[in-house]
Structures are given as structure tokens and as C-alpha cells.
Amino acid sequence: MGTSRTLAIPVLLLAWALLSGCASLPADVQRHPFEALTDVTSTRLGRIAAAATPDDKRHLSGFRLLPTGDYAFNARIALARRAEKTLDVQYYIGPMPAIAGPC
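Per my numbering, the sequence shown runs over residues 1 to 103.
Hints are computed from structural coordinates only; laboratory data are not their basis.
Beta carbons are placed, not taken as given, at the ideal position from N, Cα and C, and that holds for glycine.
Some clues are possibly wrong.
[Stated by the list, open to error] Cβ pair distances, simulated, as ranges: (1) Arg31 / Arg76: 15 to 25 Å; (2) Asp70 / Leu12: 33 to 43 Å; (3) Ala8 / Lys57: 56 to 66 Å.
Can you build the whole structure from these sequences, using the hints too?
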């Protein structure tokens, strides 16, 4: 038992070192600047968004918090299917809220 445990620690450390090396990103990645399209009023989604936005707020951008992963995934699929020009997708996964009681 002692020998296998003695061998396990260096093997685990080696595996961790190899895997963490693969997980890091290079620092010298060339990033190309981009801007969001502004001529979207001719698209169906652009017209829907414009109709839902007050005139004095049209210069602002926004986001919507979605309640569950399933809901968020289905929303992204529906928007992607209806996209007519391009997709500008940004999403963030935040911490799970505390759940009262067993799942």
C-alpha cells in the first residue's frame, strides 16, 4: 500500500503539470478589433428589437439574464436560426444561487 501511494503522488503531480500546461493561453495572440453591425434595421430581429426599445434608449446596449441553462441554450439556438446577417454572441456563466433544500 505504501509503495503504490508513493508512486501515485509523483504520477498525479506529473499529470497535473502536463494538463495545466495545455490549459494556458499564449500571451502573444493577435486580436483583431471589430465593431458591431449598425445597419440591422432591415432584419427581422432588428425590427423586433427596435419596436421593443424606447426611442430615448436606442443608443444603449443591453442584456437579459436567463433563468436556466436549458432556457439560455434554447434562446441562443432560436436567435441563431433567425439571424440574417451575423451573430455577435457573448454569454457569461455566473455562480449558481444557493438552493434551499435538497435537489
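Hint numbers contradicted by this structure
none
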